[in-house]
Every structure is written in structure tokens, then in C-alpha cells.
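Student: Sequence:
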Amino acid sequence: MIELTGAAVRLGGKRVFSDVELKVGSGQLVAVLGPNGAGKSTLMRVILGLIRLEAGSVTVLGGPPAQARGAIGYLPQRRGFDASTRIRGVDLVRLGIDGARWGLPLALTRSARARQRGEVARVREVIELVDAQSYAQRPIGELSGGEQQRLLIAQALVRAPRLLILDEPLDSLDLPNQAAVAGLLRRICSAENVSVLLVAHDVNPLLPYLDQVIYMAGGHARSGRAEEVISSATLSELYGAPIEVLQTQDGRLVVVGQPDASHHHAPRHALAT
Numbered sequence: 453m454i455e456l457t458g459a460a461v462r463l464g465g466k467r468v469f470s471d472v473e474l475k476v477g478s479g480q481l482v483a484v485l486g487p488n489g490a491g492k493s494t495l496m497r498v499i500l501g502l503i504r505l506e507a508g509s510v511t512v513l514g515g516p517p518a519q520a521r522g523a524i525g526y527l528p529q530r531r532g533f534d535a536s537t538r539i540r541g542v543d544l545v546r547l548g549i550d551g552a553r554w555g556l557p558l559a560l561t562r563s564a565r566a567r568q569r570g571e572v573a574r575v576r577e578v579i580e581l582v583d584a585q586s587y588a589q590r591p592i593g594e595l596s597g598g599e600q601q602r603l604l605i606a607q608a609l610v611r612a613p614r615l616l617i618l619d620e621p622l623d624s625l626d627l628p629n630q631a632a633v634a635g636l637l638r639r640i641c642s643a644e645n646v647s648v649l650l651v652a653h654d655v656n657p658l659l660p661y662l663d664q665v666i667y668m669a670g671g672h673a674r675s676g677r678a679e680e681v682i683s684s685a686t687l688s689e690l691y692g693a694p695i696e697v698l699q700t701q702d703g704r705l706v707v708v709g710q711p712d713a714s715h716h717h718a719p720r721h722a723l724a725t
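Using the working numbering, read the sequence shown as starting at 453 and increasing by one per residue.
For the record, the hints were derived by calculation from the structure and aren't laboratory data.
Take the hints with a grain of salt, since some may be wrong.
With a Cα cut of at most 20 Å, we get these calculated SDA-like pairs of lysine to any residue [said to hold, decoys possible]:
(1) K475 to E680
(2) K475 to T537
(3) K475 to H672
(4) K466 to G676
(5) K475 to T457
(6) K466 to R614
(7) K475 to G514
(8) K475 to L659
(9) K475 to M496
(10) K475 to A523
(11) K475 to D534
(12) K475 to L513
(13) K475 to L463
(14) K475 to R614
(15) K466 to H672
(16) K475 to Q589
(17) K475 to G676
(18) K475 to N645
(19) K475 to L581
(20) K475 to A507
(21) K475 to D663
(22) K475 to A631
(23) K466 to S493
(24) K466 to L513
(25) K475 to G692
(26) K466 to G508
(27) K466 to G514
(28) K466 to Q519
(29) K475 to S493
(30) K475 to A678
(31) K475 to R521
(32) K466 to T511
(33) K475 to R497
(34) K475 to A460
(35) K475 to E696
(36) K475 to I539
Please build the complete structure, drawing on both the sequences and the hints.
Tutor: What follows is the structure in C-alpha cells.
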């Protein structure tokens with residue numbers, strides 16, 4: 453689904469990362485981790501075909517990234533909806549299909565009516581997939597953060613993408629909702645056979661569900677199973693400084709010893725809190 457070989461990016465004369473090697477397979481759930489400024493968002497933009505590599509190669513869905521955009525669902529970092537926002541959840545999901553259309557046709561042909569019925573069925577299908585049936589008819593501004601996030605994920609899924617890219621989908625959610633959304637993403641991988649690539653700052657809610665992680669720091673990246681990458685040896689190599697990874701009795705990971713401010717996780721961005 454995604455393959456980078458020897459990938460390097462330079463922006464504004466500054467090297468963001470170099471020699472990045474990674475592969476994402478079909479139906480995998482993959483978390484992109486690392487401190488602020490490590491290049492996580494830049495990596496997403498490379499995969500979306502918005503930034504060109506300085507060196508190396510990238511393929512997405514077997515070809516150049518720009519050609520794959522129509523098969524990618526993208527959910528940017530959530531900003532939340534004002535309480536006065538009256539659009540219904542179901543209409544928000546449908547915008548994923550027809551949000552770019554202008555006006556109404558003078559008359560619906562038979563094929564147009566069939567397409568419309570198919571779209572209505574697909575909207576209903578993805579709302580059920582994210583377990584949002586009970587509140588999809590309510591205004592989005594009245595819903596909780598977790599409920600809004602489920603409907604936004606449904607919107608990103610409604611066109612049946614092969615790859616889903618999510619920018620911090622767990623951010624600003626409480627711990628129960630983080631765990632619920634993480635489990636939902638795992639089910640989506642299986643039910644839709646879609647690969648999910650998400651940026652996260654706290655890996656712990658995702659640990660039971662991940663196929664692999666990509667950790668970016670110090671201008672480089674390592675990918676593999678969580679227990680291989682989030683280890684004292686691997687993180688010490690990436691940061692170029694002694695790092696210790698501890699595991700609590702309940703299985704949470706705590707990273708101790710991030711070096712200077714440019715590589716430091718802010719309190720809300722630590723691997724464990």
C-alpha cells in the first residue's frame with residue numbers, strides 16, 4: 453500500500469528526514485509516532501503527493517502518490533464543532549460524497565436515481581460501521597467529542613478508500629473514547645480491508661490493535677512491531693542519547709530521558725501519562 457525507500461525531504465533549506473525506509477501492507481493499522489517537529493506531518497504530505505522527495509522513492513497504492521489521491525481518505529486534525537453548528541451528523545457524512553457538487557440537476561435520470569440510492573445506502577453503511585446510528589440525525593454541535601470523531605471517520609470512509617490517513621484522531625478525547633476509537637479503527641481495517649495510517653502522540657490506547665509503528669526522531673525513522681521499535685535500544689539510537697523504555701504493570705509504556713527541547717514530548721504528547 454505504501455513503500456518508501458531511502459526517502460529524504462528538505463524544506464526551506466533544512467533537512468526534515470533522510471534514509472527513511474518503510475512499508476505498509478493491506479489492511480494494516482499503523483501509528484506514526486515521535487516528538488513535535490520530527491517530520492510526522494511532512495511524511496503524511498509526502499504520501500498524499502503534496503511534497504516531493506529530495507532523494508529516494510515513494511509509491512502509494514503501487515504508483516506515484518498524486519495518482520492515488522482518489523483512493524485515499526484523509527481526516528485532518530480535529531478542531532471540534534461549535535455548539536451552535538446545526539448540520540446533522542448524517543449530512544456531514546454525506547458531504548464526503550457530494551460536498552464538491554454545485555446546484556441541483558433539472559431532472560434525475562434513471563442512472564442518477566440509482567446512484568443516489570447507492571449513495572444513501574453507503575452513508576447508512578458507514579454510519580453503522582462506526583456505531584453512530586443512535587445520534588447521526590442530531591446536530592453535530594450537540595454531540596460529544598468521541599461522537600463527532602466517529603462521524604468524521606465515517607465521512608472519510610464513505611467513498612470506500614483503500615488507504616485512510618488520520619492526523620491525531622485521538623487528540624482531545626478522554627481515555628475511554630481514545631480506547632473506543634482505537635478499537636473502531638482496528639475493526640475498520642478488517643471490515644473495509646483498508647489500511648489506516650494515523651499520527652498519534654500517545655501510543656498506549658493503540659497498543660492492543662497496532663500492526664506496526666513508525667517512530668520518527670532526529671531526522672530518521674524506524675518501523676516495525678511496537679515492542680521492537682519502542683525499545684530502549686531503538687529510541688536511544690534515534691535520539692542519539694540514552695533513552696529508557698519502561699512498562700507498567702498494566703502494560704503502558706513510559707519513555708524516560710528524551711534529550712533536548714527540540715526532541716522533547718510535551719506533557720500531553722508523552723507516550724504515557
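Student: Need the status of pair K475, G692: alpha-carbon distance at most 20 Å?
Tutor: violated, 24 Å
Student: Would the pair K475 and A678 pass a check requiring their Cα atoms to be no farther apart than 20 Å?
Tutor: holds, 15 Å
Student: Within a Cα-Cα threshold of 20 Å, do K475 and G676 meet the stated pairing?
Tutor: Holds, at roughly 9 Å.
Student: So if I understand the rule, the pair passes when the alpha-carbon distance is 20 Å or less; does K475 with L659 pass?
Tutor: Holds, because 19 Å separates the two Cα atoms, which is no more than 20 Å.
Student: Check whether the Cα positions of K475 and R521 lie no farther apart than 20 Å.
Tutor: Measuring from Cα to Cα gives roughly 18 Å; hence the hint holds.
Student: Hinted pair, alpha-carbon criterion (20 Å max): K466, R614. Please report holds or violated.
Tutor: violated, 33 Å
Student: Is K475 within 20 Å of A523, Cα to Cα?
Tutor: Holds - the C-alpha atoms of A523 and K475 are around 18 Å apart, at most 20 Å.
Student: Run the distance test for K475 versus G514: straight-line Cα separation, threshold 20 Å.
Tutor: Holds: K475 and G514 sit about 12 Å apart, inside 20 Å.
Student: Given the hint that K475 pairs with L581, does the C-alpha gap stay at or below 20 Å?
Tutor: Since the Cα atoms of K475 and L581 sit roughly 27 Å apart, the hinted pair is violated (cutoff 20 Å).
Student: Holds or violated: K475 with T537, Cα cutoff 20 Å?
Tutor: Measuring from Cα to Cα gives roughly 40 Å; hence the hint is violated.
Student: Please work out if K475 and A631 have their alpha carbons no farther apart than 20 Å.
Tutor: violated, 25 Å
Student: Taken at face value, is the distance from the CA of G676 to the CA of K466 at most 20 Å?
Tutor: Answer violated: K466 to G676 is near 27 Å, above 20 Å.
When the structure is compared with the earlier hints, violations turn up for hints 2, 4, 6, 11, 13, 16, 19, 22, 24, 25, 27, 28, 32, 35 and 36 and for no others.
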